[in-house]
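Protein chains: 2
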Amino acid sequence: MRWSQTYLFTVREAPADAEIMSHQLLVRAGFIKKLAPGIFTLQNFGLRSLRKIENIIRAELDKKNCTELLMPMVQPQELWEETGRLNIDVLLKFKNRNGQLFCLGPTHEEVVTDIIRKDVKSYRDLPKILYQIQTKYRDEIRPRFGLMRGREFIMKDAYSFDIDESAAHQSYQKMKDAYEAIFTRSGLNYRIVEADAGNIGGNMTHEFQVLAEAGEDQIVSCDSCQFAANIEVAPSGLNQSKAKPPEFLKLEEFATPNLKTIGDLSKSLDIPEQQLVKTLFYMGVDGPVAILLRGADEANPVKVKSTLGLSELPMFLTEEEVLKVSGASPGSCGPVGLKIPIYLDQALQGATNMIVGANKDGWHLKNVNIDRDFQVHQFADFKFASEGETCVRCQKGKYILTRGIEVGHIFYLGTKYSKAMGANYLNKEGRPVPVEMGCYGIGVTRALQASVEQNHDKDGIIWPVPIAPYHVHICLLDLKHELSLKTVETLESSLQKAGLEVFIDDREERPGIKFKDADLLGLPLRITIGARGLEAGEVELVERKTKKMHKLAPEKVVDFCVSYIQEGLR
Amino acid sequence: MRWSQTYLFTVREAPADAEIMSHQLLVRAGFIKKLAPGIFTLQNFGLRSLRKIENIIRAELDKKNCTELLMPMVQPQELWEETGRLNIDVLLKFKNRNGQLFCLGPTHEEVVTDIIRKDVKSYRDLPKILYQIQTKYRDEIRPRFGLMRGREFIMKDAYSFDIDESAAHQSYQKMKDAYEAIFTRSGLNYRIVEADAGNIGGNMTHEFQVLAEAGEDQIVSCDSCQFAANIEVAPSGLNQSKAKPPEFLKLEEFATPNLKTIGDLSKSLDIPEQQLVKTLFYMGVDGPVAILLRGADEANPVKVKSTLGLSELPMFLTEEEVLKVSGASPGSCGPVGLKIPIYLDQALQGATNMIVGANKDGWHLKNVNIDRDFQVHQFADFKFASEGETCVRCQKGKYILTRGIEVGHIFYLGTKYSKAMGANYLNKEGRPVPVEMGCYGIGVTRALQASVEQNHDKDGIIWPVPIAPYHVHICLLDLKHELSLKTVETLESSLQKAGLEVFIDDREERPGIKFKDADLLGLPLRITIGARGLEAGEVELVERKTKKMHKLAPEKVVDFCVSYIQEGLR
Chain A
21 MRWSQTYLFT VREAPADAEI MSHQLLVRAG FIKKLAPGIF TLQNFGLRSL
71 RKIENIIRAE LDKKNCTELL MPMVQPQELW EETGRLNIDV LLKFKNRNGQ
121 LFCLGPTHEE VVTDIIRKDV KSYRDLPKIL YQIQTKYRDE IRPRFGLMRG
171 REFIMKDAYS FDIDESAAHQ SYQKMKDAYE AIFTRSGLNY RIVEADAGNI
221 GGNMTHEFQV LAEAGEDQIV SCDSCQFAAN IEVAPSGLNQ SKAKPPEFLK
271 LEEFATPNLK TIGDLSKSLD IPEQQLVKTL FYMGVDGPVA ILLRGADEAN
321 PVKVKSTLGL SELPMFLTEE EVLKVSGASP GSCGPVGLKI PIYLDQALQG
371 ATNMIVGANK DGWHLKNVNI DRDFQVHQFA DFKFASEGET CVRCQKGKYI
421 LTRGIEVGHI FYLGTKYSKA MGANYLNKEG RPVPVEMGCY GIGVTRALQA
471 SVEQNHDKDG IIWPVPIAPY HVHICLLDLK HELSLKTVET LESSLQKAGL
521 EVFIDDREER PGIKFKDADL LGLPLRITIG ARGLEAGEVE LVERKTKKMH
571 KLAPEKVVDF CVSYIQEGLR
Chain B
21 MRWSQTYLFT VREAPADAEI MSHQLLVRAG FIKKLAPGIF TLQNFGLRSL
71 RKIENIIRAE LDKKNCTELL MPMVQPQELW EETGRLNIDV LLKFKNRNGQ
121 LFCLGPTHEE VVTDIIRKDV KSYRDLPKIL YQIQTKYRDE IRPRFGLMRG
171 REFIMKDAYS FDIDESAAHQ SYQKMKDAYE AIFTRSGLNY RIVEADAGNI
221 GGNMTHEFQV LAEAGEDQIV SCDSCQFAAN IEVAPSGLNQ SKAKPPEFLK
271 LEEFATPNLK TIGDLSKSLD IPEQQLVKTL FYMGVDGPVA ILLRGADEAN
321 PVKVKSTLGL SELPMFLTEE EVLKVSGASP GSCGPVGLKI PIYLDQALQG
371 ATNMIVGANK DGWHLKNVNI DRDFQVHQFA DFKFASEGET CVRCQKGKYI
421 LTRGIEVGHI FYLGTKYSKA MGANYLNKEG RPVPVEMGCY GIGVTRALQA
471 SVEQNHDKDG IIWPVPIAPY HVHICLLDLK HELSLKTVET LESSLQKAGL
521 EVFIDDREER PGIKFKDADL LGLPLRITIG ARGLEAGEVE LVERKTKKMH
571 KLAPEKVVDF CVSYIQEGLR
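Residue numbers (my numbering), protein chains in the order written: chain A, 21 to 590; chain B, 21 to 590.
The reader is advised that the hints may include incorrect statements.
Because identical chains share one entry, a pair is satisfied inside a single copy or across any pair of copies.
Straight-line distance between alpha carbons at most 20 Å, and here's what the computed SDA-like set of lysine to any residue pairs gives [said to hold, decoys possible]: (1) 113 x 155; (2) 54 x 155; (3) 113 x 57; (4) 84 x 513; (5) 83 x 490; (6) 386 x 370; (7) 138 x 33; (8) 83 x 516; (9) 500 x 255; (10) 325 x 217; (11) 536 x 33; (12) 517 x 190; (13) 439 x 104.
It should be emphasised that the hints constitute simulated quantities derived from the structure, not laboratory data. This one's a predicted model, so the numbers in the text were calculated from it and none came from an experiment.
All chains, full assembly: derive it from the sequences and hints.
Okay, here's the thing in structure tokens:
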């Protein structure tokens with residue numbers, strides 16, 4: 021393809037709202053163009069890379085006997101009523117001309133379960149895995165980072181249907197294997213991490229995280245064993261001191277006027293935050309509860325949610341509610357005398373002589389002790405795991421914190437949707453049984469951008485070979501130089517014959533501009549064809565990734581390119 | 021692919037709302053499944069055929085240096101305000117969570133013109149043709165016929181951008197050529213017909229109509245020359261009598277109590293409808309107008325619209341308005357004494373001694389003559405063309421009326437959108453000039469169904485080879501017969517090696533059911549592998565289209581299939 025014959029406009033300035041490099045680069049290189057917040061056109065180069073990811077996904081899923089189909093974007097609201105999900109906040113709802121209620125699909129559990137309940141009759145019809153690659157819409161309140169958190173985006177969603185839990189786990193494992201193959205073949209550096217199932221149902225779930233500093237997710241992994249988890253669910257250890265605990269000292273009240281935060285208190289008393297204890301109040305299932313953590317630890321809302329058995333992320337009590345429950349303002353509260361369940365983070369097991377609020381404004385207590393001064397409802401893991409902590413899984417390695425971009429997420433769903441929607445099959449005994457389900461997503465447009473976030477330098481994108489829009493970028497410098505034109509033509513046709521995709525910059529521009537654009541576009545190999553070089557009998561070839569330059573005789577160029585690209589596709 | 025390993029469920033009964041065969045067959049064969057009126061899931065076999073059409077489209081458009089991209093489905097309403105199209109009735113509009121106004125794209129002139137005005141700077145950046153294959157939504161009030169007139173559907177839309185009208189016409193011709201190649205390669209029997217441009221702008225437009233009796237469009241074509249047009253715009257001739265016109269007789273009024281329609285009048289007076297004249301009242305641009313046609317002729321609203329210069333299809337006057345303008349009820353009106361412009365269908369040129377309403381309830385006039393009794397504002401072509409009429413274009417052949425399904429429509433748009441949205445380029449003199457545009461659509465899902473409407477028999481679908489979901493359907497009859505299993509395996513791998521796509525019915529079903537399903541699914545070749553045949557040293561092969569049966573030695577099967585399929589792809 022020649023630049024003059026396609027539609028490609030690079031842009032000098034990154035848009036003001038592009039906060040991260042991958043967003044800036046995709047816009048500047050003309051891969052994507054914003055239409056509205058979170059809504060982008062994929063221009064030709066962007067689409068070419070996207071299709072390569074899509075085709076890798078298709079190939080790997082087809083290997084696992086998954087069947088592709090294409091479900092509608094516009095869905096009747098009644099299906100979402102059946103599963104009780106009609107009010108999820110990203111669901112965009114509307115009426116059509118005839119007043120019928122529809123929504124734009126952010127996901128397709130409802131539609132696919134409707135298909136299954138119409139088609140599947142018997143255990144002989146199972147197992148099945150269906151998938152589609154399709155445009156989704158999530159009505160995000162604050163879309164950002166380009167394709168990373170968009171409103172309209174392309175997703176691969178798959179759904180498995182099995183006769184029982186053990187078969188469903190096999191399907192889950194099959195999809196996990198397929199995902200590993202997909203992300204590896206796409207040239208991404210990723211980690212599989214344990215994750216939170218949220219409200220989707222089921223109890224087994226993994227995320228596929230592309231490692232990148234700009235990622236929205238924090239990942240905890242062990243430097244010794246294979247353990248890795250999203251920080252939302254990564255267990256945090258006990259960190260118990262092995263020293264003999266000191267004697268219980270006498271409970272004392274002391275004045276702390278104007279000291280509201282753990283930081284204030286720590287400074288004023290000259291005690292490290294870690295030795296102070298803070299008291300948080302949440303609304304539990306049956307009313308308010310208190311949770312105590314060490315002063316420097318942060319409560320992890322996902323852990324609070326799961327220990328309290330909530331269906332949504334936990335809500336703090338308001339100041340008035342805290343006053344009602346404790347008799348004091350939030351800065352002066354503590355466990356002593358509370359009439360509500362008191363949970364303690366497990367790092368407080370064995371803690372003695374704690375400093376806590378006195379439930380009296382402007383006062384604290386010291387030498388507070390468990391059992392003597394208050395009763396513990398439950399010890400549990402409430403805090404975020406932290407860097408350097410001993411790995412809870414292997415008890416040997418240390419935790420490392422990195423950031424990632426979630427590009428895939430797989431869930432074992434159980435029968436949440438099949439029960440709600442009556443998707444049953446008849447078992448061998450002829451009895452109706454709800455189908456066991458799993459669901460499996462890949463953010464295809466997000467994976468595209470994640471690849472750029474992971475693979476770029478200050479000059480532009482560095483495409484992994486398997487998803488580069490073209491393989492070879494030829495800069496034709498002298499548009500009127502007969503030998504140059506002829507060389508480019510021969511080169512193009514020989515490279516294409518070898519299965520390589522060639523892009524030729526035939527614009528009337530200065531070499532400097534052509535090189536800058538080549539770096540920006542980021543195709544794996546750049547070949548420069550100019551009068552001077554050719555007359556000296558050599559062609560300049562640069563690897564985009566390493567910027568390593570090679571001077572080759574023209575007849576060696578094709579072999580070099582073919583072996584470089586084949587190596588990259590392996 | 022084996023039936024047991026994919027997702028395919030055929031259905032015995034056609035759905036009650038499927039009025040035409042193609043809709044019934046696509047549902048029964050498990051190609052599509054209804055989610056809501058006008059909204060369908062494409063199941064695997066449907067998607068496979070669709071992708072083949074898409075790939076033919078891509079290949080032919082890429083040959084013409086068209087560039088593919090992918091624009092969003094969700095579009096800001098403000099773009100549609102710019103072009104004054106915000107109120108077109110099929111545009112589904114909604115607010116997002118933040119209260120911003122969006123709509124679902126039924127077409128993309130606005131979005132693509134927005135892209136162009138941002139990217140294109142100079143005449144050197146043109147010409148360009150952009151296209152996408154994408155899901156569209158039209159908020160049809162009465163969706164029907166399956167994929168034929170759906171709400172959510174897949175369309176290929178392309179847009180050309182040129183420096184002037186002559187260059188735009190070249191792009192138009194290029195796309196017309198590409199469309200011919202696309203529909204020919206897809207194995208469709210179609211006609212290119214002249215058409216109405218509607219409100220899209222521009223003055224040159226052609227439709228690509230797949231010929232089929234169930235088509236919604238009526239096509240007029242000449243049995244002698246190449247002329248063909250949608251009945252909406254097909255010119256209808258003068259049909260003037262060559263006989264010397266009779267003398268003007270004396271104008272007379274006569275009572276016609278209770279005779280309201282041309283039919284009543286014709287019966288009561290015993291005069292053929294064709295010799296009576298009817299008067300219709302429409303709202304013109306500057307107020308009411310009357311249009312006279314021969315009694316048996318039907319007014320063609322598109323022709324009325326274009327002669328009157330209206331922007332929408334014409335509205336009849338209400339009974340009250342007719343009374344106000346003529347002094348009588350609609351059944352008793354005529355031209356004599358009217359104070360509004362009177363248009364005559366050109367078939368009335370030279371008509372004499374006409375019978376018309378008297379503008380007095382219950383009375384008519386006879387011997388009414390042009391010029392003597394009323395003045396003609398304009399003669400024009402107002403009526404539908406009819407079967408057997410002399411071709412207006414060649415003046416030799418006769419019109420034939422057939423029905424078609426519109427699968428493609430191309431338009432020269434001029435500068436309607438570029439002017440409204442300020443999409444200018446700088447010409448050689450550095451002056452801004454609005455870009456000349458064209459737009460080009462293919463209903464991809466509609467083309468899929470049109471192919472079935474054109475190619476089926478009572479037993480099922482007959483896929484044209486180029487868009488069949490698979491090429492060869494193997495019915496494996498004896499699942500436990502060693503030689504059968506082995507033969508199928510060898511056959512599958514040899515056929516695949518030769519580039520053919522093989523589908524194997526390995527279900528535990530009776531042969532009768534397998535053959536019925538094979539006919540229903542409609543793959544081009546069916547091979548039956550059974551113990552009895554194999555032991556007699558022969559394999560049964562049936563051509564789906566002709567039902568011609570061949571008994572072949574197993575080693576001849578592959579060659580036969582390959583040459584049959586290659587012939588079909590040519």
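At most 20 Å between C-alpha atoms: does residue 325 with residue 217 qualify within a copy, between copies, both, or neither?
This pair counts as within: shortest intra-copy Cα distance 12 Å, inter-copy 60 Å.
Checking residue 439 and residue 104: alpha-carbon separation at most 20 Å within a copy, between copies, both or neither?
Answer is within: at 12 Å inside a copy they meet the 20 Å cutoff, but 48 Å across does not.
Pop the pair residue 83 and residue 490 into one bin, within, between, both or neither, using alpha-carbon distances up to 20 Å.
Only across copies: residue 83 and residue 490 sit 18 Å apart there, 26 Å inside one copy, limit 20 Å.
Between copies, within a copy, both or neither: which fits residue 536 and residue 33 at Cα up to 20 Å?
Cα proximity of residue 536 and residue 33: one copy only (13 Å, versus 63 Å across).
Check residue 54 against residue 155 for me: Cα-Cα at most 20 Å, and say if that holds within a copy, between copies, both or neither.
Answer is both; intra-copy 16 Å and inter-copy 19 Å each pass.
Which holds for residue 386 with residue 370 at a C-alpha limit of 20 Å: within a copy, between copies, both or neither?
within (16 Å within a copy, 115 Å between copies)
Up to 20 Å CA-CA - residue 255 versus residue 500, copy category:
Answer is neither; intra-copy 66 Å and inter-copy 53 Å both fail.
Within a copy, between copies, both or neither: where do residue 113 and residue 57 come within 20 Å Cα-Cα?
both (18 Å within a copy, 17 Å between copies)
If the cutoff is 20 Å on CA atoms, where do residue 84 and residue 513 land: within, between, both or neither? Let me know, please.
Between copies only: 19 Å across, 36 Å inside.
Reference check for the pair residue 113 and residue 155, CA-CA at most 20 Å: within, between, both, or neither?
Close inside one copy (16 Å) and across copies (18 Å); limit 20 Å.
Residue 83 and residue 516: within-copy, between-copy, both or neither at 20 Å Cα:
between (28 Å within a copy, 16 Å between copies)
Under a CA distance limit of 20 Å, which applies to residue 517 and residue 190: within one copy, between copies, both, or neither?
neither (42 Å within a copy, 32 Å between copies)
The earlier numbered hints that this structure contradicts are 9 and 12.
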